[in-house]
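So you can see what is in the structure, the chains are spelled out below.
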Amino acid sequence: GQNIDQPTEMTATEGAIVQINCTYQTSGFNGLFWYQQHAGEAPTFLSYNVLDGLEEKGRFSSFLSRSKGYSYLLLKELQMKDSASYLCAVRDQGRGSTLGRLYFGRGTQLTVWP
Amino acid sequence: SAVISQKPSRDICQRGTSLTIQCQVDSQVTMMFWYRQQPGQSLTLIATANQGSEATYESGFVIDKFPISRPNLTFSTLTVSNMSPEDSSIYLCSVVAGGPREQYFGPGTRLTVT
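For the record, the sequence lines run as chains A and B. Read left to right, the first sequence gives residues 81 to 194 (my numbering). Read left to right, the second sequence gives residues 1115 to 1228 (my numbering).
Hints were generated in silico from the structure; no laboratory data involved. Treat the hints with care, as some may be off.
[Stated by the list, open to error] Chain A is faced by these chain B residues, among others (derived, beta-carbon under 8 Å):
(1) Leu1157
(2) Thr1188
(3) Phe1189
(4) Gly1222
(5) Leu1225
Keep in mind the model is a prediction, meaning the values are calculated, not measured. Cβ coordinates follow ideal geometry from the N, Cα and C atoms, glycine included.
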C-alpha cells in the first residue's frame, strides 16, 4: 500500500523561507514529485527527485532521502502568489516496462501573509 | 510537455444519471490516468487507462461504476455511472509524456450531483 504524510497547513510571511516535509511508505519507489495547486486549478509540476540529495530550481528546492522515506520542499523569498496547496506524490515501481503509478499525499495548504 | 483538455469543464447532474468526461491530449502518450479530487482533499487515483485493453482500477473503484475507454493514444473517456451526491468531485485526466518525471494534469471536470 501507499502511505504519504505531510502537514495539513502552514503559514509564513512574505520574504521568508518555508520547508514543507513529506514522509512516505510505499510498495516500491520510482521517484518523488512535488506539485503546486492553486484553488480551482490543476496541479502544476514543481520538482522531481529519484536520487538522494537536493534539487534546486530557482526559489524552490526539493530534497530526498530514500533510506528515511523523507522529502522536503523548500520555498525561499516567499511571495503572496505562493499561497497554494503543495502536493507530495510518490511513483511506485511499475511492472515490467510499465511506469509506476503516482500516489498523492493530502497536500499542505500554505498561506503567505504580507 | 503535453497539453491536455477535458470536456465538460463542469456539470451539475441529477442523482441516478451518468456523465461521460472526455480527455484529449495534443500528443500520443502511452500512459494515461484518471484521478478524483473530492472537496478539500488531495488526488486519488481511480484507474490507469490502457490503450487497447481494459483499464486497471485501484482498490475501491470498479468498472461498473467508472467505465473507461481508451480508443487511441491521444484520447480517453471516464464515465461516472448511476451518480450519487458522494460522486461530487473534480475528475482529472493525467498523462506521462516524455519521461518518468513528466506527468501532467488536465484542467479537471468539476461535477456536482444533486
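Going through the hints against the structure:
| no. | hint | verdict |
| --- | --- | --- |
| 1 | Leu1157 | holds, 4 Å |
| 2 | Thr1188 | violated, 18 Å |
| 3 | Phe1189 | violated, 18 Å |
| 4 | Gly1222 | holds, 6 Å |
| 5 | Leu1225 | violated, 14 Å |
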